[in-house]
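For this one, chain A is given, so just place chains B, C and D with the ligands on it according to the hints.
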Amino acid sequence: MTASSPPVLLEEPPALPEDSGPGLLRRYLTRPPVIAALVVIGVLVIMAVIAPWVLHSPTALDVPDRFAPPSGAHPFGTDELGRDLLSRVAYAGRLSLGIAFGATVFAMVLGTVWGMAAAARGGWVDEVLMRIAEAGMAIPIILFALVFVAAFGADLVAMTLITGFLMSFLTARIARSAVLSELKSEYVHGLTAVGVPRMRILFGEVLPNTLPSLLAQSSLNLATSVMLEATLSFVGLGVQPPAASWGTMLQNGYSHLYESIWYPLMPALVIVLAIAALNTLGSELQVVLHRSAS
Amino acid sequence: GGGGGAGSGQQPLKPAADSGSGAMKDGGTLVYGQTAGVSQLDPNVISSGAQTMLQTLLWNGLTKINPDDSVGPDLATSWQSTPDYLHWTFHLHPGVTYHNGRAFTATDAAQNIERVLNPTTGSQTRPRIEMINTVTATDPNTLAIDLKTPNPQLPLALVNVKMTDVADIANVSKDANGTGPYKLRAFTPDQTVDLVRNGNYFGAKPHFDEIKVVRYADSTAAETALRSGSINVLWSVAPTSAAGLAADGRKLLAATDPASAFVWELDTTSPPFNNPKARLALSYAADRVSMMQAGYAGFGVTGTSDEIVSPSNKYYNKSLPTDAYDLNKAKELFAEAGVHSGDTLTYWTTSGSYTEWTTMGEILQQSLGQIGIKLNIQANEIATWSAKTYPKGKKYPGLIAANYISLAPPLPNTYPLEWFSSSGTCECNWVPPARYDADEQTIEQQGDGPARTAAFDEMQQILHDQAPVIVIGNTSFLSVVGADVRGVWVESEGTLHLEDAGFAA
Amino acid sequence: MVGYLLRRLGASVLMIVLVSMLIFVVLRLLPGDPTITRFGQQEGIDPRTIAAMRAQLGLNDPIIVQYWHWVTGIVVHGDLGRSYFSQFAVGTLIAQRLGPTLELSVAGLFLAVVFAVVLAVLPTILRGRWWSRLVGTYTTIGLSAPPFVFGIVFVALFSVKLGWLPDRGYVSPSADLGGNLRLLVLPAVTLGLALSAPLIRYLRASLADVETSSFVRTATGKGITRSSVVFGHVLPNGLLPALTSLGVSVGAVLGGAVVVEYVFAWPGLGSLIVDSVFKRDYAVLQSTVLLLATVFVLVNLLVDILYGVLDPRLRVSGDRR
Amino acid sequence: MTEPLLRISELRIGVRTANAVRPLVEGVDLAIEPGQRAALVGESGSGKTLTALSVMRLNPPPTLVTGGRIELASKDIATATERDMVGLRGAEMAMIYQDPLSSLNPVRTVGHQLVEAIRAHTTIRARAAKRRAVDLLGEVGVPDPVTRIDDYPHQFSGGMRQRVMIAMAVSCSPSLLIADEPTTALDVTTQARILDLLVDLSDQRGMAVLFITHDLAIASGFCERINVMRHGKLVEHGKMGTVLAAPAHPYTRTLLDAVITLDAQPRTAAVEPSDADGPLVEARDVVRTFGRSVRAVDGVSLSIPRGGTFGLVGESGSGKSTLAGLLLGLDRPESGSVRFAGTELATLSREALRARRRHMQVVLQDPIGSLNRRKTVAQIVALPLAVHDRMSRARRRDRVAELLDLVRLPKALLGRYPRELSGGQCQRVNIARAIALKPDFLVLDEAVSAVDVVIQAQILDLLGDLQDELGLTYLFVSHDLAVVRYMAPTIAVMYRGRIVEQGDRADIFRNPAHEYTRQLIDAIPAVELDGERVRR
Ligand SMILES: Nc1ncnc2c1ncn2[C@@H]1O[C@H](COP(=O)(O)OP(=O)(O)OP(=O)(O)O)[C@@H](O)[C@H]1O
Ligand SMILES: Nc1ncnc2c1ncn2[C@@H]1O[C@H](COP(=O)(O)OP(=O)(O)OP(=O)(O)O)[C@@H](O)[C@H]1O
Ligand SMILES: [Mg+2]
Ligand SMILES: [Mg+2]
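Residue numbers (my numbering), protein chains in the order written: chain A, 1 to 294; chain B, 1 to 505; chain C, 1 to 321; chain D, 1 to 536.
Mixed in with the good hints there might be a few duds.
[Unchecked claim] Which residues of chain B face chain A? A few of them, derived with a C-beta cut under 10 angstroms, are:
#1 L245
#2 E356
#3 Q365
#4 Q378
[To be verified] Only pairs whose alpha carbons sit at most 25 angstroms apart, straight line, appear in this in silico DSS-like list of lysine-lysine:
#5 B:K374 with B:K277
#6 B:K64 with B:K212
#7 C:K161 with B:K251
#8 B:K205 with B:K25
#9 B:K277 with B:K318
#10 C:K161 with B:K212
[As the list claims (entries may be wrong)] Selected chain B positions facing chain C (in silico; Cβ < 7 angstroms):
#11 Q40
#12 S47
#13 P119
#14 G122
#15 A170
#16 D190
#17 A221
#18 I382
#19 A383
#20 T384
#21 A387
#22 G393
Rather than coming from a laboratory, the hints here were simulated on the basis of the structure.
Just so you know, even glycine gets a beta-carbon here, dropped at the ideal spot from N, CA and C.
Isolated chain A, as found in the complex (with noise of 0.2 angstroms):
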């Protein structure tokens, strides 16, 4: 009843391939938009690497200088203890790229499995998985952070895995739609009839077709994960002093916005720039794998 065919986000029609193999990562590596967005995570990368040596440490405080404008000391500018807020957004990055991509394939892993589960199975399983999912977008996003650092204490990995947990609900619909939509099509059929279990239909054929749509959902939890992850801060949930992650530093900064607006304003910069450039390698992923597509 709720198969709808699931979307296939592209940007562009794709070209033909001359052949598969190993040729799909070259061309996809080949790709000028790839190729941007690569090198933008690559610099983040390398500033959360080596800020600590080059620039200032990212906890030297400097109380008298807080709240500093940008300037050659700090290209930045400084935070509320006159920290150097360039190195403290480098830095943040481990973090913050870490949980997203820590949270994403755990939402990911768990998401395609449960709504694998609930369309292959159908029925009551069905029913009671997807109504699962359901109860679970229903239930505030708060009120499952303050569970899970009761239950798991307010560790990183505590963290990534309530960010992944509170995004596989709507990844599960999203998977079970595209793998019940892929079970109706005749070539599962043509499959049975072949005699190729179950299990490896589903993981071997199925799972490898839905893995368009799952990537688009993945791309969007990137962008969802590190705001996620700037909430459960909230409550408590994750990053601690004086460690800091572009999500708490953007609610800190916004929260000092009209004594520095370079504050909030170079961490949202970063996390837009870093956003972008991962959806753009997930959109571009498919744009290269959609081209077997139907």
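Relative to chain A, chains B, C and D with the ligands alone:
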């Protein structure tokens, strides 16, 4: 002026205690903004500081507090006591009616006091008037109060017993049936409170037609609203933005003698802080000047020793030594108390609100790091935060709990010191020496005089030596008031008094 | 079809019951205590007072008993409980917020759908590479910029700088319709923008998929205009898959427009929930969340039924396998 | 000589790949005069469909016209504006597409889509247009058009959908009709009727037709001229009779030689089917209904001996595919039983059934849909080997190459995806997959309907050889009676869910007992040479 703290020396902007006097006109709507929501309206069982400005708008007490922290008549026009301060008589203002038209009588007053005294009510005012034995309405306008132990300061203690409609207390948030100058028109919990002028007010005619209390999501949103002129008063502004907001004729208000303090509470019954040396060590490790600078932008009185009385207070024990920031001493004392390099302590603070506590924690984190002690900052959502230490009696070893306590009004009111006594409710679980409790008795039962002063001094000395809580500085909430608002004044812990305010004529 | 609906309803009811249990238990396992927050974490709370209040609120009863009281209250008396704080009936609190929530949700969703359809369809009709890039950029920014940033920018621009619209607040439409609408504009646009970004992505994807299908080629081959092809054939098919995403948005908006509600001081259910979480006002929280879960499940049911209405293939179930 | 209506010269079509354009059609010259009917026949995958789509300027991206000219009534299609094309499509030229199953919009009624086509180029009112649509549906032989017009496409069978598309194409009486395999989904009786309709339109209204087909018999009866394509090039063209009588190009000759007619000598199995240890496949009173009313299979019994070939023919929608599914255990009957090698299929567990599929394989009717669109040809064909035989990767690769060779597919296709293949190529991939395991029982559901006759003959030979060598048993489903006759010694005729006649092929063709069988046989077209039926 905000007293002689080190921080305020660098601060060019001095907050005022009131928004100025001058001719006021009648009429207009005052919009009052704050970032915390009013969740209920019972004035005798307060839920948060966000509702305290309503105490004098919707309600009256028998007495009220004046801008100089003295006591004045409110519903009671006059009062007397026997010389032993055990028997009191209050004469009530005749002809006062509740908002719903019902007459207010001494019986109502008695019922309210009894309600506050009832431990199950949970009134924060109860510890201050616990010594009351009986309350009797001798006639509709006369109230007799008998005490168990003498209390010369009963009128002050009664300020916060607000006169509600006890029979209908279940609906207090619905109709807020009080006697105050404004009455309730609409209330959306945690969002808005709409007040309109009480035309039958027994006192001077209130100036505003309407007062709207609006809750803002965050300080930036509230500040934007203030700058755009859509609100007239903003209460509890973030200290770091205060200076920027006090422009375009807007005035920054703060208490002259702040009765609130930013403190670190410690469980004095669990290691390591059951050892006073560990507590003192922590005190030495606190770079109070930087903290007050970063956390409160210098608005406030930087603490010099670990006692709650502000150095700006007249009764402050000036003979106390100043415990300056000294990491060597801290390290030494920590070692003696068994806290060594490589050990870990936890800083328990809130997330989302009061971010300045975290800011100050980060400074402590740096300092302790220099002597090899690791400080884990754990920011929690507010209810999780409070459940760790509240109420008195909880165990929290190794935890430094950031808190902001308001013990108003300041000395000579005894409550700030009483809070630490055996019968007080300090979450530090501190058991004071016998001398401390004895001094408390002395103060409570005697009027002004050398005995009382001596007791004040000794109690402060004990607090300083034992450091049951670490006091970083005394502050009060900061508020910003529009240029055309007059007659607003700040109580010692930062509550704004709007009852006599109006727009400039 | 009837069997499916029954099963679906059965599962929904079961799920709502489970959610109610879960919320009920989980809330009580959380650190934090409503009595402590009720007394304002103020100086002067006494352990005895707390104990008395817990007893009075029934928080010391066995959890099963508490749950039973709650459920029977709802089922037998239609009583959702009372706030531990304001003593308002939870029904009243929800009613206070339901109107504004619905108003904002409907307006926000409507705008989101309009934005999404226009922006997703425009490049399809105009077939320009630049249009497609432009919309792509819009969605990327819309996805990566947090909604409160939009909100604050709008306030700064339209109310502070230009003074066209009030910056925030709410008046009921019955009291002042014009004022209500003026106040609605900024939050609705903010919400609409935030919701439209993911919607556009889904929509563009499914439109691109439909675009390559044979029946679109057939339609083009008939010699009808491009816009007839798009509106008559591409869109009706392309909108279907985006419906799932829209259904999720509907549910999410009802309880989840917290950020927008906060920024614009809009008294919605989202902020009621968040405030109740922070106060541990179990009474309000458990009933409100339950209500939302129910609405969410219903909305999704509706979406799935709508599929059946919009997609004739699903009207008769002819499952091969 | 009159000015041609359509002139294609030097047409080249290629497909854009990552760094080059790979040619698919390399030089097609073709001209059709007004009112003329021309056939386009040729090898499967030679570029017929692509050529036709380019005329409409509807060739799917990333294919593109790389050279040459297409002129319709002297108008250059390549330079025409999009607005010009809107005016031309439907009114001047219309097309019946090769994939009838997916060419109708699933969420609009059949009537709506017809009316839209009618009104695109006329100013006629909606109500009148609907009346016209009903008439058209009736003309193409859709029963009860007045009520069926408000149905949705999925409520129509494949053959009916194809007829709707035909109605749509002729609705505005275009000057040029391009018909790409317009009758593949139709049984011979319906096919005859459609051809009559097209002849009428062509004769009365002067409509020219470009008729793409594999079926030389139909082409010869219907068209005046013939064009033969191979490897992306036009290899021969001329008057139908002349070319058929004396083909100039060797490929045309091969094509003609490969045609299987009713007069062809039927294939005889080298080994006689044996019933010694019971039939291999046996069905008893099987019933399968869909919904409440459709009795797709209504009490069918049959038995197929080991090593035998069982032919199944019948009207479109008569339940052939459904029956095949039941025999394979892909679907469960409501009542009745199906036995395979003596085992009742219904008693088997899912896993046991799956393991047994090693011995029972199928070529499904939908050649494109039954392939996973995201797997390459090599992956698709190798899968059963990996699953059932656990063959090593290297051996799998060798075996796949071998299989592709058997079904006459070039190795270059190994890395291609299904949608980069032509219809006939897909069908052969299906066959390769099905025979990969050398199963005991093979169901062939319209398995050779989309390939040209040359390849068809080769595949039929291959199937025959396999049967001789390994003793395979076939269920052969087809609408092409000549082919069924050629392959299957035993034939059953299905009509409305029942087997109405069953027996030896000679008997059935000589004395058809059932009225429907008679109609079928009468409607079979044959290759005509200048009006004279040629029987080889
Ligand atoms: N979209 C496409 N992308 C890449 N190659 C394609 C595409 N469509 C068709 N081809 C290739 O172009 C060639 C011609 O295809 P076309 O469909 O025109 O063949 P055809 O002559 O119609 O064959 P058939 O009789 O089997 O339908 C084939 O080799 C096919 O593999
Ligand atoms: N999944 C299904 N749901 C409903 N009806 C179906 C389904 N599959 C087949 N039918 C109906 O069952 C009947 C028999 O269909 P089947 O596909 O077996 O016919 P067929 O003989 O193979 O026809 P064709 O020659 O067109 O392939 C048809 O009327 C068809 O509409
Ligand atoms: Mg073709
Ligand atoms: Mg069939």
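- Task: Enumerate the violated hints, using their earlier numbering and listing them in ascending order.
- Result: none
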